[in-house]
Amino acid sequence: MSWHAAGSPSIIVLSLRHSVQTNHTLDRTDFFTELRSTALLTCWHVNPDVSYAQLKQLLADGKTVVVDVREPWELREYGFIPGSVNVPLGQVNTALQLAPEEFKDKYDGEMPRQTDNIVFVCLAGVRSKTALNTAASLGFTDVQHYPGGWQDWAEQEQLK
0 MSWHAAGSPS
10 IIVLSLRHSV
20 QTNHTLDRTD
30 FFTELRSTAL
40 LTCWHVNPDV
50 SYAQLKQLLA
60 DGKTVVVDVR
70 EPWELREYGF
80 IPGSVNVPLG
90 QVNTALQLAP
100 EEFKDKYDGE
110 MPRQTDNIVF
120 VCLAGVRSKT
130 ALNTAASLGF
140 TDVQHYPGGW
150 QDWAEQEQLK
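According to numbering that gives the first Met the number 0, the residues represented by the sequence shown are 0 to 159, in order.
Just so you know, these hints were derived from the structure itself, not from any lab. Since this is a predicted model, take the numbers as computed values, not measurements. Certain hints may be false.
Calculated pairs, DSSO-like style, for lysine-lysine (alpha carbon to alpha carbon, straight line, at most 27 Å) [what the hints assert, rightly or not]: (1) 62 with 128; (2) 103 with 62; (3) 105 with 128; (4) 105 with 62; (5) 103 with 55; (6) 55 with 105; (7) 128 with 55; (8) 103 with 128.
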């Protein structure tokens, strides 16, 4: 099942995996159990992608949490976007469910609230898109990603 809310400020994509081959009729309880366990609910701006210029502006405004989902060694070796919080992709699901003080202790940054604007970044946009979907499935409603990633950021910064 897919639902696209066209013409609204958000696009909601609901994907529900249900095996038709089982010939199993879902009652209301089964349906919602299946929905909770296999649904991916993603809410984002019409375009969840953020450009270099948009990310610079969001950082300047100070109202966005930038989460870099690369491994710590990648940040040490290649660099990072100033002000970003490093949460490796494999830890995003768990990290976004921590208590705020635990998050701060572990990741040395503020825990984003479910309504905060969060921009995920990685090296080239693949892992950040996965993190965006993970956050959305946990109820975070204003999630975006920077598809150019660190590669584009470093290139753009050197042009200045």
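Given pair status - residue 128, residue 105, alpha carbons within 27 Å: With Cα atoms ~23 Å apart, residue 105 and residue 128 stay inside 27 Å; holds.
Given pair status - residue 55, residue 128, alpha carbons within 27 Å: holds (19 Å)
Pairwise hint evaluation, residue 55 against residue 103, where the allowed Cα distance is 27 Å at most: With a Cα-Cα distance of about 24 Å, the restraint between residue 103 and residue 55 holds, given a limit of 27 Å.
Pairwise hint evaluation, residue 62 against residue 103, where the allowed Cα distance is 27 Å at most: Between residue 103 and residue 62 the Cα gap is close to 17 Å, so the pair holds against 27 Å.
27 Å Cα cutoff - pair residue 55, residue 105: Judged against 27 Å, a Cα distance of about 26 Å means the pair holds.
Given hint residue 128 paired with residue 62 - CA-CA distance at most 27 Å: holds (20 Å)
Pair hint outcome, residue 105 versus residue 62 [Cα-Cα no greater than 27 Å]: holds (22 Å)
Restraint status (C-alpha distance of residue 103 to residue 128 at most 27 Å): Holds, because 23 Å separates the two Cα atoms, which is no more than 27 Å.
Figure legend: structure checked against the earlier numbered hints; every hint is met.
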